[in-house]
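> Below, each chain spelled out in residue letters.
Protein chains: 2
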Amino acid sequence: MKCRVCKGEATIKLESYNTKLCEKHFLAFFERRVRNGIADFKMFGHEDKILIAVSGGKDSLALWDVLKNLGYNVTGYHLVINIPDSSEDALARSREFADRIGSPLIVENLSDLLDADIKNAAHLMKRPVCSVCGMVKRYRFNRLANEKGFTAVVTGHHLDDESAALLGNLLHWQEGYLARQYPALDAKPGMVKKAKPLIYVSKKEIEIYAQIKQINFASSSCPYADGATSLEYKAVVNQLEEKMPSTKIYFLKTFFKKYRQLFKDTQLEEIGELHKCPECGYLTAGPICNFCQLKAKIAGRKIRVDGMIR
Amino acid sequence: MKCRVCKGEATIKLESYNTKLCEKHFLAFFERRVRNGIADFKMFGHEDKILIAVSGGKDSLALWDVLKNLGYNVTGYHLVINIPDSSEDALARSREFADRIGSPLIVENLSDLLDADIKNAAHLMKRPVCSVCGMVKRYRFNRLANEKGFTAVVTGHHLDDESAALLGNLLHWQEGYLARQYPALDAKPGMVKKAKPLIYVSKKEIEIYAQIKQINFASSSCPYADGATSLEYKAVVNQLEEKMPSTKIYFLKTFFKKYRQLFKDTQLEEIGELHKCPECGYLTAGPICNFCQLKAKIAGRKIRVDGMIR
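From first to last, the protein sequence lines stand for chains A and B. For the first sequence, position 51 (counting from the first letter as 1) is numbered 51 according to the numbering used here, and the numbering increases by one without interruption. For the second sequence, position 39 (counting from the first letter as 1) is numbered 39 according to the numbering used here, and the numbering increases by one without interruption.
Mixed in with the good hints, there may be bad ones.
For identical chains, the list gives no copy identity; a pair is met inside one copy or between any two copies.
[Claimed, not checked] List of simulated lysine-lysine pairs, PhoX-like, C-alpha gap at most 25 Å:
{"id": "1", "residue 1": "LYS243", "residue 2": "LYS119"}
{"id": "2", "residue 1": "LYS137", "residue 2": "LYS203"}
{"id": "3", "residue 1": "LYS264", "residue 2": "LYS253"}
{"id": "4", "residue 1": "LYS204", "residue 2": "LYS253"}
{"id": "5", "residue 1": "LYS276", "residue 2": "LYS126"}
{"id": "6", "residue 1": "LYS234", "residue 2": "LYS257"}
{"id": "7", "residue 1": "LYS243", "residue 2": "LYS126"}
It should be emphasised that the hints constitute simulated quantities derived from the structure, not laboratory data. All of these numbers come straight from a predicted model, not from anything done at the bench.
Extracted from the complex, chain A is given alone in its bound form:
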């Protein structure tokens, strides 16, 4: 099998692009996909101070690697969640990688922020662990970016994540989510702009990238993620991709280009304008933000109708 670019020995076959590549030209292909995503959605520029959410897994480390190579000013942020058998490895891999590429890494520990572990926090909020974990991470990540003068935050969400989310949003006709699903969001007061630069690359492509670049990532999956519906959607989307290559990228790209605009962002109608949380100043739709609600619940305090905690 021959590399489409250099005609040398190809070791990678990409069904979705009906192409074969050698390692060198795969890396060029991967970087180009990321560059195209950044450009198409006007995500950020070289003048931006970027904070990247680093879990220590392959997605975030590959993203960090490629952004660094593309010359962006990137700092890592890792929140230690203290999940047995997984958090230690995640932190070690994040630190190791930061050292290897010579980028700064900011580390925080959930136990310094909350007087409860993530499982108890989820129980108190009566929500799935994944949902509360995501909420806490986003909260700290966005606040810190704002406080420390970063101008953009990025995450390792990729084509599989986003096409699976799109499928789920369509199956349940989540109009507000459909209207808001976009890989680049503008800054708001108190919230820096956000982006998902891996939007055009699949999990499989990230795995190949991580392997070629010998990225030593944390591979233990979270014990709480089992049975998440997002995993169902991903499985299904990949099943269709296998039978009909390039389904995923067409589905997602065409949605962003032409059909997303058909859906109306019902958030404002449903929950009103976003405003600053009276406790912490974070943007929220409710009387107080979810993070402050959680803190109040842990402390056993009541939340008054005017949003104050007593």
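The hints should help you fit chain B onto chain A, whose structure is shown.
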């Protein structure tokens, strides 16, 4: 397990409705679902003379059975396609069922209509067998209904068919198909109104219905259907239904109710107004209709730009 209605012994569990039913109340449930579909989409009335496309399989026989029980004026139409190991059984089961319920059945044979078998016809049209078979069936079915004074045609397409089609149309953003996907279509000049009364019942529910009513249906699947993408979509939709019961019905119903209208029927822009085929008078978008094109190809005749065959 107890029947939700009569508290007697339930033998049927419907996860999608979180309910358990005895045979008697399952039949009542099934009929109600069909009645609701007919009413919601104003499909037809008891004054209509209905022609039903009968393949001899469980979907069309169950539909025929339930429409007859609901007091509609229904006649069957069966086109013998001459597919080895399958067509004979299909015709026998259709005839047997017509006798059993005392309804008339009109039978035609493809070999009387075309000088080619379905495989050669597909080859000549450079299209998949399923596509040409569907085209030929629709053509004869619609023409006959119009010529013989029927006022509505119905087919056994059900929830699985339609939710799978919707998924495929969304994955590939087939805007025109999305705009036109609807279980009831108005009459047009030369074309009677069309409907899919099984829109609210799943394949599984039809199977249970056919079993209880002891409907002897043709069960050999068509050898040409293998690998059809529609089967992939159905598999995927049912996989999600199993994990998240009632996904299918919500997905489809909500689309019809609220989101179909967002999509624009681009057919008129793309292919112009429908007009009568100069050869046979059937409605078509091209210079001549697909069926006459096929006949011309079989006869080795050329089609002129003005649509005439010489």
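> Would you list, in rising numerical order, the hints stated earlier that this structure does not obey?
none
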